[in-house]
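Protein chains in written order, with the working numbering: chain A, 72 to 863; chain B, 72 to 863.
Please keep in mind that the hints were generated in silico from the structure rather than gathered at the bench.
Values in this document were obtained by computation on a predicted structure and should not be read as measured data.
Do not rely on the hints blindly, as some may be mistaken.
Pairs involving identical chains hold if they fit within one copy or between any two copies, as the list cannot separate such chains.
[Stated by the list, open to error] Only pairs whose alpha carbons sit at most 25 Å apart, straight line, appear in this in silico BS3-like list of lysine-lysine: (1) Lys493 with Lys166; (2) Lys603 with Lys165; (3) Lys129 with Lys503; (4) Lys752 with Lys633; (5) Lys678 with Lys165; (6) Lys752 with Lys636; (7) Lys739 with Lys390; (8) Lys129 with Lys734; (9) Lys734 with Lys678; (10) Lys92 with Lys528; (11) Lys573 with Lys678; (12) Lys166 with Lys678; (13) Lys390 with Lys528.
Number of protein chains: 2
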Amino acid sequence: MSTWTPSASVSAFITLSDLSKSKTSGSHETAPLELISQAYSKGYNSVCLPLTTDAWRKRWTEMCLMSDSPHTGKHPRESRRESKLVSRDLTAEKKAEAWRANPCFEREEVTITRLDEAENVTVIVSEWLELDAEDDGIRCDAEIALQQELAYASYLNIHTAILPPPRNRDHVSSYARTVRACLQCAPYMSLAVRLPVYDTTSVSEPLPLSPSSSSSSLQSHSTPSTPRLVVSNSTESLNRSSASPAHLEAHIDAAWEMWDLIRSICDYSTRLALALDLTPPLPNSPGVLSKWAAEAVRYIFLPSSTFIANTKGYPVLPKPTQNFIRDSMTHRPNIIISGASSGLHLRGGEDAYSQYVRHLERTSPVVQAAEKVGTVENFAQGYQDYLQAPLQPLMDNLQSITYQTFEQDPVKYQSYEEAIHKALMEWPRPGKIVVCVAGAGRGPLVARCLSAVNRSKRNVHIYAIEKNPNAFVTLQNRQRTEWRDRVQLLFGDMRTIEVPEKADILVSELLGSFGDNELSPECLDGAMRFLKPQGISIPSSYTAHLAPLSSSKLYNEARAIKDEKSLETPYVVMFQAVNLLSGEGPGPSGLCGPQVQECWEFEHPRKSSVLNTQGLPPTNSHNTRSAKLRFHIPHAGALHGLAGYFEAVLYGNIGLSIHPQRKEQISKDMLSWFPLFFPFKEPLYLPSNSELQVSIWRLTNERQVWYEWHAEAFLGALPSIVVSGSQALPPSLLSSPTVGVPSPLIDAIDLQPRHSSVLLRDAATERSVAGLVKIGHTSLHNAGGRSSWIGL
Amino acid sequence: MSTWTPSASVSAFITLSDLSKSKTSGSHETAPLELISQAYSKGYNSVCLPLTTDAWRKRWTEMCLMSDSPHTGKHPRESRRESKLVSRDLTAEKKAEAWRANPCFEREEVTITRLDEAENVTVIVSEWLELDAEDDGIRCDAEIALQQELAYASYLNIHTAILPPPRNRDHVSSYARTVRACLQCAPYMSLAVRLPVYDTTSVSEPLPLSPSSSSSSLQSHSTPSTPRLVVSNSTESLNRSSASPAHLEAHIDAAWEMWDLIRSICDYSTRLALALDLTPPLPNSPGVLSKWAAEAVRYIFLPSSTFIANTKGYPVLPKPTQNFIRDSMTHRPNIIISGASSGLHLRGGEDAYSQYVRHLERTSPVVQAAEKVGTVENFAQGYQDYLQAPLQPLMDNLQSITYQTFEQDPVKYQSYEEAIHKALMEWPRPGKIVVCVAGAGRGPLVARCLSAVNRSKRNVHIYAIEKNPNAFVTLQNRQRTEWRDRVQLLFGDMRTIEVPEKADILVSELLGSFGDNELSPECLDGAMRFLKPQGISIPSSYTAHLAPLSSSKLYNEARAIKDEKSLETPYVVMFQAVNLLSGEGPGPSGLCGPQVQECWEFEHPRKSSVLNTQGLPPTNSHNTRSAKLRFHIPHAGALHGLAGYFEAVLYGNIGLSIHPQRKEQISKDMLSWFPLFFPFKEPLYLPSNSELQVSIWRLTNERQVWYEWHAEAFLGALPSIVVSGSQALPPSLLSSPTVGVPSPLIDAIDLQPRHSSVLLRDAATERSVAGLVKIGHTSLHNAGGRSSWIGL
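Extracted from the complex, chain A is given alone in its bound form (with noise of 0.2 Å):
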């Protein structure tokens, strides 16, 4: 069964060069349908092309460009508008004078001009517009010609326009305005920023995986041959003569630097997407092109010179290519594919480009794990990015449909199960056991209690708590038909409920996504009424762990719910178009963590405590936790929350995780929880190599539970103000949670604890304490959701 509905077309490029060779043969009315029938005929799924043709070019360039370079040193508010008149007649001046006032095409300035050739097809607006000029009348004509165009390819009903790429780094803001304006000014188009996965001029030497051909029709587009200036700090920094994968990641992160500047400028307009271009060749290093897993790419460009080819002649893409592409299926893109009939490849011919981009989304992991029964990807088909408040099942009773879809969980009981029996097998003491389900639901824990006593030939006595009244009626049932006198079932909250005996071991199923947010502390305080003081809790700890996260989709989901709390509650969802912005320590301080940090944990039974004559803490003050985490961002992102995960130990070394690097080893296609999400209120911009320090607390009063968190950013301060620190390293660096506490899932499943042991040596003695600089924060996220936690 296919669950995957194979959504990412491919597109024909069509060049205006094919348009004009068009022109005379064919059955159809017009060249544009003649070559849009050809590419459908050939297997494609829509078309792209030019809305304009050379003959507009000739003319916005007579009339808005001037004849000499206008970068001749002046002061640039001298350049164009107040010396152009002098070196140009004023009949050109005349003429675009009345071309502002009333902006209009001729017929032969546009390729296509109706319906029918506009139906299903994507145009590229002229690419040679330079929106980011240095000179601002030329920007300001350019932005009068692009407006123009949009409200062409509008009138034509045409819904997807590509822009041409930002150029110009010192006037993207520029580029971001006047896009923004768009937007504005074309409320049912949307626009795609086209955008080379890096500026090949700024990077001279050729990259081992440099295609030979260097002549595709795509390529030329890059390198406009209108007067440009590419003034960029961030490629200025780089020495030309040398390419290596760090100063390519560098110029990669530049790239993406430019979208983020662009998008934000236009306040993340759901309309505005990128078309990602992958002319340039990509580099082997995964980790600096995860970041657009985190954008909005709904199209890719694949010039077939980017193939390359095997060893039969046929095309193929580089491994970092594949790879790519294979990851972006997530975002079910259009991929474009362009010059596919200029025979670079001896082999395959025309269609060959086509069906390898079908053969590698075949071979996708994210298609594959959709498409395999079992998986969390197959089971949370359409849940992907969806938002969900989460469970609050002390105060709401839930829902039999509710129980059912989390009892269809194939591992999580499985484990319950193997615990439970472990326990009962290292039971110390001979004789009559009792064991305790706190929170019974609809009787899965009671069943697999049930299992695991036979299994272990233990005489066991089974009580089984529930405070929801309608699942105690299907409790009932499944006693008198299933389970008779091994089962006593009683009806109450387990905080004030009375139980006939103390238990020996207390079972309960309590946990949410980061572990403590269904308020299962506060449940196990009166579940420990009826335990033994020797007796065992199954889960016998749980732990919440972070990382910073970046998605311009949940985003966007998150400030789209009308309701001022909206970014002010943690929501459940199932990750797909995100990213981990953090890598593996030690980061600018030295002291930062691994990619996902662990915040705080809670143990059962609690080892001592004050307890008041009803047996209960009289204060919720003991499970108030905190945690301030060092996160390492090796590349730049832009912060827009925090994910959140939770991993228990059942018992010994049996447990449960959705730890993004653990889940696979502890509990492999468990399907219960999807991860939380902590949205913040504004995306927080961090640079490369930076720091982001979290800040998260759990909070309680007399009668609620809730989350605040919040974050700031660093980075390594300049050589002139850093002074080594070694000798006064303060104790409480030295306790740093980067250290890792010894868990006995991890060392079950021989997991290396990463960097901890290492980070410790490197802070103490090897590195210095690099002084950090504050670069900014976000606001405190807050006292919105509150989960009340008397339930009653």
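Fit chain B to the supplied structure of chain A, relying on the hints for placement.
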């Protein structure tokens, strides 16, 4: 006439020791009443006293702090919460739980109990409470105690409480979160964060200005005896054995940075203020202290130990402290003097301290400027930091009262008369000169024209054009009673009116605070129709200028306007509690300009242009402008907006200017224009020695003119990615706007263009162009406040 209400109040600080000594003496019912009465009789305006006694500290310490150090290298999670019960008895924990469930004072734990004791009193919350302790449990209990103290203070109708200083940079976010929670729980109370201007414990070597006595009652407060750890990234990077001015500046920036984090987490609550503690000696570099001008400094702590003895033995303040307090008078602070009765100085007695503070107030430049008739400061009383929508005289017809206000300006009209006179005297051709006043209003410029004509003895005919029908009645009255046939009135809009003959000299006053923001360029485009080809426009040109600005006051004022466009519109404001964040270049890139930078210029008449049959430009495209400016930010600050200024050349070397560094020389005491404030939606954090790149656009469509603005922040790149690029310096960088355009005004008054030639050389030869790391940006502002420019 004194217009400055002397509202810096001076408070006496009453200590616990004062209270216990006073218990047996005096004629008042209670010790607090006795001491308060004494303080009033000594001339203090109010008193400040601790809310709690040592008894409370003792009980809280016994309940909530463990006996052995909580930081013995264990994992923080294990520190107090889980280990305390091992080392201390359960009784203390039981008491603590009972207290946490029901926080309540004993009588002897508080200093005051009666409403009359609390009247007009500012209380100091227990300063030993560590809201930013390393240990979760201690922090949690400190928060409960703080809430308890504030609830008690609120019960006594106390309006302001001063909080303990933040002490631990690593947990300032926890401190701030607690303060935020307290602001929500005590909705009628104001809180002040006590903040030493820097952390003295991190600067070990005594500074030159350090007073010999170090045992004041206040100094002991900044080193509480509860267990503490100071872990600060920024202080960590400073070598403890040196306290050079640069290091001290870094410490002061670090103290401000803590405050910035606290008030940001508290969302700039207007009920949260600063109590700045001047115990540490101030450095002699005013730049680093100017940031406090932009903050809500409501209290200043001034212990008697800060005073030094003058040659006669009287207490005086060191020069930097004197200057700082004089400048702080803009905040009208409450200055709290402690230790006045401790006899630290030989002469003057207890009153000498408060008398000295009053002396500083009287000699404050702020106070003196406000008291001097004829200054802008005096004229603007009551308008400081008050946001006004800019006038739109083209769209709206002004009221007579508005004209009258602006006609009071003693400088502007004098300058106009001089400019007209000079133009007449230098007019090269003999015979009749035609002068046209475009936009005559109620006639002040016409009157000045007539004076200039009288002085010049030239043969002049004057036309006066006005489009406001109401003002035109006033003009008719003046013509009939004063001017007679020397002036010919014309009613209509200068963009369309027919004028009987062309003018030699066109006089207009259409300038706004930003030069072109009242649409002078658009109006004068129309008036050019009736200016002779060799004619003169007065003004002949004007420029717009910007500087980045910090002001928590203005940020809050702009947010408080309940209109979604409130942060999309520039405001006219008389700045007071503001700080310009920029310093003089060259900054991290080596390309930054001066503190205030020019955006663009308009010149009249336009040199050459295409006109339609009506003599008007076919489009307004030529009046679009944009600027990209680079500012060096020497000290950490929060960017809240941009300050906008203008400078105009009327004729020759006669001008008008509100440029903060040039207005004194060009048009001192001119009253007509306050600066413009361009707000940002969210504050942007700027680290020390960063670079701010500001983009601003003047945009137009067929109906409107508006501005958009945006900013990006950068830091210098770490050396690993900095490569010298001086030989690759692109031409556009050499033509950076930092290279001063020759100005006739500057030349005339012999003001050197700051840094410009130096900078050019720096950039091209001596300094390499450093790589920059992008660290943040603002939203785009925006298409909101548009001025209609077709006012017909």
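- Query: What are the numbers of the hints the structure violates, in ascending order?
  - Reply: Hints 1, 3, 7, 8, 9, 10 and 13 not satisfied by this model.
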